[in-house]
Amino acid sequence: MEIKVNETPIRTSRNFLINNLKLENIELPKKLKSFENVEISELKTKKPSTKKLKYGNGKILEESIFENANSALKIETQNEDIKIKYNFDNENLELVNNIEIIGKENANIYIEYISKTNKPCFHNGLIRTVAKENCKLNIVIINKLNNKTNNFEAIENELHEKSKVNYTIIDIGGKTSVTNYYSNIIGEEANNDLKTIYLGQNNEIKDLNYIAEVRGKKSEIDIDVQGVLDGNCKKNFKGTIDFKKGCKKAKGNENEFCLLLSDKARSIALPMLLCTEEEVEGNHSTASGKVDSKTLFYIMSRGLSYKEAVKLIVKSKFNKIIERIANEEIKEEVLQEIERKLS
Amino acid sequence: MKTKVEDINRNIYDIKNKDEYEFKIEKGLNKKIVEEISKQKNDPDWMREIRLKALETYNKLELPTWGPDLSELKMDNIATYVKPKTELNSSWEDVPEDIKNTFDKLGIPEAEKKSLAGVGAQYDSEVVYHSMKKELLEQGVIYTDMETAVREYPEIVKEHFMKCVPVNDHKFVALHAAVWSGGSFVYVPKGVKLDIPLQSYFRLNSPESGQFEHTLIIVDEGASLHFIEGCSAPKYNKVNLHAGCVELYVKDNAYLRYSTIENWSKNMMNLNTKKAIVGKNAQIDWVTGSFGSKVSMLYPMSILNGENAKTEYTGITFAGKNQNLDTGFKVVHNAKNTSSLVNSKSISKDGGACTYRALVRIGENAQNSKCSVSCESLMLDDISRSDTIPVNDIRTDEVTFSHEAKIGKISDKEIFYLMSRGLSEEDAKAMIVRGFAYPISKELPVEYAVEMNNLINLELEGSIG
Chain G
1 MEIKVNETPI RTSRNFLINN LKLENIELPK KLKSFENVEI SELKTKKPST KKLKYGNGKI
61 LEESIFENAN SALKIETQNE DIKIKYNFDN ENLELVNNIE IIGKENANIY IEYISKTNKP
121 CFHNGLIRTV AKENCKLNIV IINKLNNKTN NFEAIENELH EKSKVNYTII DIGGKTSVTN
181 YYSNIIGEEA NNDLKTIYLG QNNEIKDLNY IAEVRGKKSE IDIDVQGVLD GNCKKNFKGT
241 IDFKKGCKKA KGNENEFCLL LSDKARSIAL PMLLCTEEEV EGNHSTASGK VDSKTLFYIM
301 SRGLSYKEAV KLIVKSKFNK IIERIANEEI KEEVLQEIER KLS
Chain C
344 MKTKVEDINR NIYDIKNKDE YEFKIEKGLN KKIVEEISKQ KNDPDWMREI RLKALETYNK
404 LELPTWGPDL SELKMDNIAT YVKPKTELNS SWEDVPEDIK NTFDKLGIPE AEKKSLAGVG
464 AQYDSEVVYH SMKKELLEQG VIYTDMETAV REYPEIVKEH FMKCVPVNDH KFVALHAAVW
524 SGGSFVYVPK GVKLDIPLQS YFRLNSPESG QFEHTLIIVD EGASLHFIEG CSAPKYNKVN
584 LHAGCVELYV KDNAYLRYST IENWSKNMMN LNTKKAIVGK NAQIDWVTGS FGSKVSMLYP
644 MSILNGENAK TEYTGITFAG KNQNLDTGFK VVHNAKNTSS LVNSKSISKD GGACTYRALV
704 RIGENAQNSK CSVSCESLML DDISRSDTIP VNDIRTDEVT FSHEAKIGKI SDKEIFYLMS
764 RGLSEEDAKA MIVRGFAYPI SKELPVEYAV EMNNLINLEL EGSIG
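Top line first, the protein sequences correspond to chains G and C. Its first residue numbered 1, the first sequence is counted upward by one per residue in our numbering. Its first residue numbered 344, the second sequence is counted upward by one per residue in our numbering.
Among the clues, some could well be false.
What follows is a set of in silico ranges between Cβ atoms, one per label pair, in the way DEER data are often shown [claimed, not checked]:
hint, chain 1, residue 1, chain 2, residue 2, range
1, C, L684, G, E339, 35 to 41 Å
2, C, G778, G, N15, 56 to 62 Å
3, C, K536, G, Y306, 45 to 51 Å
4, C, E564, G, S305, 45 to 51 Å
5, G, N15, C, R777, 32 to 38 Å
6, C, M762, G, E332, 54 to 60 Å
7, C, R494, G, M1, 52 to 58 Å
8, G, D224, C, N420, 30 to 36 Å
9, G, K320, C, L766, 52 to 58 Å
10, G, N327, C, R764, 42 to 48 Å
11, G, K59, C, R777, 48 to 54 Å
12, G, T295, C, E478, 53 to 59 Å
13, C, N420, G, K248, 50 to 56 Å
Cβ-to-Cβ under 10 Å is the rule here; a few derived chain G residues that face chain C [what the hints assert, rightly or not]:
hint, residue
14, M1
15, K4
16, E62
17, S64
18, F66
19, N68
20, S71
21, T276
Just so you know, the hints here were simulated from the structure itself, not pulled from any lab data. We put the CB at the ideal spot given by N, CA and C, even for glycine.
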């Protein structure tokens, strides 16, 4: 079937090819069996919300989550790390999951999607987070799915007074990887810091649609996206910071940098700033380009091959974001996966 | 207390002449009306065919699904052709008194004497005055109205008319091609460099009507030109429509600077289309000031087809009460070593909405191309709106591309600093806003810079915070 995902909050000309992503031949799983190969550190879970999403990945995928999820979790944070690891294998090829996180106490939360099979897998998920007053959450999402897999993730956050949500998205897997990220920053002095790395190769498609609605006074949103494209990969980055009336003294920054390793790769970026409040500071910047020849020359002059030098540059670009992963074991696995993909 | 920026005094622009005309076509849009316009204009068969095909395209195309609300625009209420009570004149003395007075007050004949190489003046649907310095004529420069060009240079027009901007580009281009009237045709021969600008001024006087002028400029190899266009209209209670079309051909090694000051009245739907095709080592620079109209959708476009082609866009948009100005710039890099530089500013106040909407596309064949975009928006109150919607589409790795945008209010720190140097708060704010607009105003032709300074001749009252 053909589906349309990741609609931008405001449309622009159809000729600009960015209003949404049309995908053909997407087969949604019909009868899902329970996803067994999942490791969860948190055992006390409840039924998550099925409240309609403001944006999300479109009606079809959203209804599929609310009606057919084969993994549904509601977690209340309690000053402990939470780790959820979905291992896709020959017996567990399809995952439709609904995760709700109620942030009451500070916590580090890790959610990983890993292919342990070469077969095509399918993932359609929702992660909904409510950060209560003064709560600090560090959430890390890692996509290490194989290159035959379609991956759809919808993320919705609600930030209350003085809460802080640090989101780190490591998007280095999948044939088609679509992320819809929406933050509703309601509370005064709430802070949402989103950092992403993406790595696209071959004929992969990356579609990132990040939307932050800033409502709280003195609240802040910071989006930093660092990406690398190789082969015939196509990437769309749509980032919107929407300063709503009343968010006085709010700040918003959005930055995307795309490193192009191939002349066949294609990068489209739409960094939007929408503003109906005077007393704000909003900035965005995007940039694209190939590896700096001087840097490359310097590294190669120290004895490294071209491939090794490029790998080093890519890793250094990603490093400041990977460093945010506090769990050393998970961090090391991410580094290894990047190393493997670039080799 | 809030910063208050006054509107421009529109007395000059709001002079209404009596709605007198030789012929006004019935309101609406259908085949009969298009055929009647074609008959009135003595079109050759090929032009009539273009019009009728364009009407078919118009009927097939949908209204844009994005941008400002256009629901107030009802084509059934718009007269698409109004012929003024005069023919084309080459002397201001021959232009009827009331029309001449209007252009006098707008300062056109005076500017012609002082600083222009040629002038065209359009009133409603027809050009009423056209003149160019004799020396340019001797160098082979052609500057005339479009109707004369269709008659006297049919081969050149056929080769270029609606080729840079295809009829099916969007609905209002199709409308334009069906009912176009007036506008300017410029041909600058190879190697001819014009030191002083040509200017066309477009005035729409008739209520509930539309202006659909066509501007076609060909700057041949190694030639250079500065072309200025201005436009205004008095305010009526009902909607007027402007759907002009500008097609620019900048051949190899040529240079064109295209400056526009748009000051339509605030009942105008300004749905204009401008495109330039730029050859090898050639350059097009756009300087645009958008101040008037109720709704604007205007995105000049440079298509850099030749190696080393360059373009610069310098634009300012100023939206006040009841205005929704959706403007920006599009550039397509189609060849190696091409470069583009974009500098856009906008000011929103009194509930006005400014949108910067843009496209940068660097194609597969545009290796070693460079593009740098900067856009800044200033909000002067919290009832206004300012949006930035730029699309950057990069299809090759050998590029240097950067885009920066910022949005905000007048900085308290800057005001504080200037006040510490002895300026009053009002003067400090005025200086900051003028400084914000200065990179654009310095690029404008002198008389328009004055017009813009009038606009931003601020009467600032009170204080921030």
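Measuring from beta carbon to beta carbon, are D224 (chain G) and N420 (chain C) in 30 to 36 Å?
violated, 50 Å
Lying within 53 to 59 Å: is that true of the beta-carbon distance T295 (chain G) to E478 (chain C)?
Holds - the Cβ-Cβ distance for T295 (chain G) and E478 (chain C), about 55 Å, lies within 53 to 59 Å.
The hint says 54 to 60 Å between M762 (chain C) and E332 (chain G); measuring C-beta to C-beta, is that right?
Since M762 (chain C) and E332 (chain G) have Cβ atoms about 56 Å apart, the given range 54 to 60 Å holds.
Using the C-beta atoms of K59 (chain G) and R777 (chain C), is the stated range 48 to 54 Å upheld?
holds, 50 Å
Does the Cβ-Cβ separation between K320 (chain G) and L766 (chain C) fall within 52 to 58 Å?
42 Å Cβ-Cβ, so the 52 to 58 Å window is violated.
For the hint 45 to 51 Å, verify it against the beta carbon of E564 (chain C) and that of S305 (chain G).
Given a distance of about 47 Å, which is inside 45 to 51 Å, the answer is holds.
Was the hint right that N68 (chain G) lines chain C, CB cutoff 10 Å?
violated, 32 Å
Interface hint check: K4 (chain G), Cβ to nearest Cβ on chain C, cutoff 10 Å. Holds or violated?
Interface hint status for K4 (chain G): violated (14 Å vs cutoff 10 Å).
Indicate whether the distance between the beta carbons of N15 (chain G) and R777 (chain C) respects the range 32 to 38 Å.
For N15 (chain G) and R777 (chain C) the Cβ distance comes to about 37 Å; the hint holds.
Do the numbers back the hint for F66 (chain G), that is, is its least Cβ distance to chain C under 10 Å?
violated, 28 Å
Between N327 (chain G) and R764 (chain C), does the C-beta distance stay in 42 to 48 Å?
violated, 54 Å
Any CB of chain C closer than 10 Å to the CB of E62 (chain G)?
Given a least distance of 22 Å, the restraint on E62 (chain G) is violated.
The structure shown violates the earlier hints numbered 2, 8, 9, 10, 13, 14, 15, 16, 17, 18, 19, 20.
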